[in-house]
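Asker: Sequences listed follow chains A and B, in order.
So for the first sequence, numbering that gives the first Met the number 0 puts the first residue at 0; every next one is plus one.
So for the second sequence, numbering that gives the first Met the number 0 puts the first residue at 0; every next one is plus one.
Derived from the structure by calculation, the hints contain no laboratory data.
All values reported here derive from a predicted model rather than from experimental measurement.
Each hint should be verified, as a subset may be incorrect.
[Claimed, not checked] Computed list of lysine-lysine pairs in DSSO-like fashion (alpha-carbon distance at most 30 Å, straight line):
#, chain 1, residue 1, chain 2, residue 2
1, B, K155, A, K19
2, B, K206, B, K250
3, A, K286, B, K40
4, A, K89, B, K40
5, B, K251, B, K221
6, B, K173, B, K251
7, B, K241, B, K251
8, A, K19, B, K173
9, B, K244, B, K221
10, A, K212, A, K89
11, A, K89, A, K286
12, B, K89, A, K89
13, B, K155, A, K89
14, B, K89, B, K40
15, A, K286, A, K212
16, A, K89, A, K19
17, B, K244, B, K206
18, B, K155, A, K21
19, B, K241, B, K221
20, B, K244, B, K40
21, B, K89, A, K286
22, A, K212, A, K21
23, B, K251, B, K272
24, B, K224, B, K250
[Claimed, not checked] Among the chain A residues that face chain B by a calculated CB cut under 7 Å, a handful are:
#, residue
25, K19
26, K21
27, L97
28, P100
29, Y101
30, R277
Using N, Cα and C, we set each Cβ at its ideal position, and we do this for glycine too.
Given next are the chains, with one letter for each unit.
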Amino acid sequence: MSTLRMRLRAAGAAAAIGLKDKLAYRINFGGTMLTYALFVFVFSRIWASSLGDSSIAGYNYSMMVWYFIVAEIPLFALGRFFWTLSRDMKSGQVAYQLSRPYDFVAYQFWERIGSALPDLLILMLEGLLIGLLLTGGFPPALAAVGPPDIAAASTGLAGTAAAATGVAAWLRLLFVPLSLLLSGIVNFYLQFALSMTAFWLEENEAFFWIFQKIALVVGTLLPIEFLPEAAQRIVVWTPFPYIAYAPARIMTAFELSGALRLIAGQLLWAVIGLALARLVFRAGSRKIAVNGG
Amino acid sequence: MSVIQVQQLSKQFRTRVSSQQKTAWLTKLFRPQYRSIDAVKQVSFSVEEGEVVAFLGPNGAGKSTTIKMLTGILQPSGGSSTVLGFDPAKQRRQLAWQIGSVFGQRSQLWFHLPPADSFRLLGAIYELEPSVLARRTAELVERFALQDYFDVAVRKLSLGQRIRCEIAASLLHKPRLLFLDEPTIGLDVVARREIRSLLSELNSVEKVTVFITSHDMGDIAKVCKRAIIIHHGEVVVDESMKDLKHRALAKKYVGVRYQEPVQFSTGGLQPLKATDRSASFEIDTRQHSLPELVRRLSGLGELEDITIEDEPLENVIADIYAARSEQAARNVTAGGRAKDAAAKSAGSGKEAAGADNGRTTGSGESQAAGGLS
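Starting from the given sequences, assemble the full structure and let the hints guide the process.
Answerer: Quick look at the structure:
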């Protein structure tokens, strides 16, 4: 077999074992699904009472619910890489992982993505179901109706608009999972880089708390459009909009060029994240002090 | 051919120290204080192909640190090492193809999945062709007798079963050199014996060089042909098992039991422990004649039983550890009380080493028990 095929097989095996391990204790899915549903429901009530029939920054109630449904998925399904990585570092398990001939960063990536996949799929389906129940339909595509006048579209005004909405719905079904996957990749590399600071520091959780809190405010709980304009201008240069905001925005207000722009941004940050992860790992593995015995 | 060559290898760790003063949190924040610890100090040795070498030392002696430097996980602070022709510090990944390692206190198997899954993953990682992997797995499953639990989740296995799987897994890619860091820790007598015979078999069948750290003297005596002892980061003994055992031959333990009560105090005999009918003696054969002792003992009364035993290897090694601890202590005080310390060394030193083994070999009583058993 060629080297490339061998590498792909190793990547596949890593993803497969991560997935199998996740499926080995299925009871956890119940917990994740329940918390997710609870979160979405509570926030949908908040938006229902605060928005009513009005809208803020172009988001009405239905859009806000869909936004929240998608934006929470990176947090619930793809937001825990840091903990498992840090745990392996602190327990000294990394001693085994470092004595393998593989590319450490790549191996970790495939294994963790594999283990995140079941959560991602389940929450996407659950989110779809909850969203339909709460809002009674998909949010309209911006291309068809133009923001933020949604009322016209829901009454089904023109044939062309309806057709465009149909196409947009299909594209959206393609783009949202893709964007979520990319969000997981960006999230992984950034959290990997953060967790590798354990090579230098005994306790590095503070970094992650800060990272997570910023991610929560920027894009997860609130769309970027809700931020003051000055803040918006700053955050577009950070990776945070490309974690939760990108897939959620594509879902709530689909528009082809906007979606492509967001996907491109995610790709860019995936590459930057990968470079950063490799850099931190290379520097850190020279400083390593493996805990215990 | 040398498989491992180590020259003047050193490792220093820098740890943060916090003072006991009330303002410690403040000084810690602005002026952290560090203390450097020499975990490994200029260690040199070499291991030849096909050898089974025991790497011994009390806890904290630097054994694991050395292994981690030899596998490329830790960067040395000084000195150099060559493992299978590679420099582990710079060629960790190239080296990884040819070595296997088992850390007894950690696991390379997936806890919630059967060993079969972990083997499949390792096969892919070491880029074994599927057919090769299948053949090799079958071979190892048979040799290590894993058939019954190869598809049972690792969390349901006993420690002995798990360690068998761990060692088998580390051999999947046919490494030329195997590092075992305390492979029998926590195992019961039967499981230990099985692992030992597997290791011996492995060495003769697969021709793999084995570098093993252990606190279990049984492992060492049965499996290894050579022992390197390090203490406080320095090599203190590097000799064949035969020579090491020879040290044990100088001291004998003699146990006697009589049919009727006898007086041991007559004739200048000093038993380690005595009842009215039995006693045990320790004798240094370089100074006293063993036949002479036996003659005198049989003259005391009608013997019911007599046992003569070598000093257990455990005690020999404990003595070596203790001697080094004393020497280190002397170097620190640097006073003219060397004589004093030497006189005490036998007692206090053994206590320290005994504690390390989790047993009390320190007192005369347990030695006597060894002699009588």
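Asker: Now tell me, hint by hint, if it's right for this structure.
Answerer: Against the structure, the hints come out as follows:
For the given pair, K155 of chain B sits about 17 Å from K19 of chain A by alpha-carbon distance, which is consistent with the 30 Å threshold. At roughly 36 Å between alpha-carbon atoms, K206 of chain B and K250 of chain B are farther apart than 30 Å, so this suggested pair is violated. Using a Cα cut-off of 30 Å, the hinted pair K286 of chain A and K40 of chain B holds, with the two alpha carbons roughly 19 Å apart. A C-alpha spacing of about 26 Å is found between K89 of chain A and K40 of chain B, which places the hinted pair at or below 30 Å, so the restraint holds.
Simply put, K251 of chain B and K221 of chain B have alpha-carbon atoms about 21 Å apart, close enough for the 30 Å limit, and the pair holds. Straight-line distance between C-alpha atoms of K173 of chain B and K251 of chain B comes to about 44 Å, which puts the hinted pair past the 30 Å bound. In summary, the hint linking K241 of chain B to K251 of chain B is supported, as the alpha carbons are separated by about 17 Å, within the 30 Å threshold. About 26 Å separates the Cα atoms of K19 of chain A and K173 of chain B, which keeps this hinted pair within 30 Å; it holds.
This hinted pair checks out: K244 of chain B and K221 of chain B have alpha carbons roughly 12 Å apart, not beyond 30 Å. Using a Cα cut-off of 30 Å, the hinted pair K212 of chain A and K89 of chain A holds, with the two alpha carbons roughly 23 Å apart. The straight-line distance between the Cα atoms of K89 of chain A and K286 of chain A is roughly 14 Å, inside the 30 Å bound, and the hint therefore holds. Distance hint between K89 of chain B and K89 of chain A is fulfilled; the C-alpha atoms sit about 24 Å from each other, no more than 30 Å.
Taking the CA atoms of K155 of chain B and K89 of chain A, the gap is about 25 Å. The hint holds against a cut of 30 Å. Restraint check: the Cα-Cα separation between K89 of chain B and K40 of chain B comes to about 20 Å, which is no more than 30 Å; the hinted pair holds. Taken as a hint, the K286 of chain A and K212 of chain A pair is honoured in the structure, with Cα atoms around 29 Å apart against an allowance of 30 Å. For the proposed pair K89 of chain A and K19 of chain A, the alpha carbon gap of about 24 Å is at most 30 Å, so the pair holds.
Between K244 of chain B and K206 of chain B the CA atoms are separated by roughly 25 Å; this keeps the pair inside 30 Å, and the hint holds. A distance of roughly 17 Å separates the Cα atoms of K155 of chain B and K21 of chain A; the hinted pair therefore holds under the 30 Å criterion. Taking the CA atoms of K241 of chain B and K221 of chain B, the gap is near 11 Å; set against the 30 Å cutoff, the hint holds. For the suggested pair K244 of chain B and K40 of chain B, the alpha carbons sit about 26 Å apart, so the restraint of at most 30 Å is met.
For the suggested pair K89 of chain B and K286 of chain A, the alpha carbons sit about 13 Å apart, so the restraint of at most 30 Å is met. In summary, the hint linking K212 of chain A to K21 of chain A is supported, as the alpha carbons are separated by about 26 Å, within the 30 Å threshold. At most 30 Å may separate the alpha-carbon atoms for a hinted pair to count; K251 of chain B and K272 of chain B meet this at roughly 15 Å. The straight-line distance between the Cα atoms of K224 of chain B and K250 of chain B is roughly 22 Å, inside the 30 Å bound, and the hint therefore holds.
Satisfaction of the interface hint for K19 of chain A is found here, the shortest Cβ-Cβ separation to chain B being roughly 6 Å, below the 7 Å cut-off. Violation of the interface hint for K21 of chain A is found here, the shortest Cβ-Cβ separation to chain B being roughly 9 Å, above the 7 Å cut-off. With a least beta-carbon distance of about 5 Å to chain B, the hint placing L97 of chain A at the interface is held under the 7 Å criterion. Residue-level restraint check for P100 of chain A holds (minimum Cβ-Cβ distance to chain B is 4 Å; threshold 7 Å).
Among the interface hints, the one on Y101 of chain A holds; its C-beta lies about 5 Å from the nearest C-beta in chain B, closer than the 7 Å criterion. A distance limit of 7 Å between C-beta atoms decides the matter here; for R277 of chain A the minimum to chain B is near 14 Å, and the interface restraint is violated.
Checked against the numbered hints above, the structure violates hints 2, 6, 26 and 30; every other hint is satisfied.
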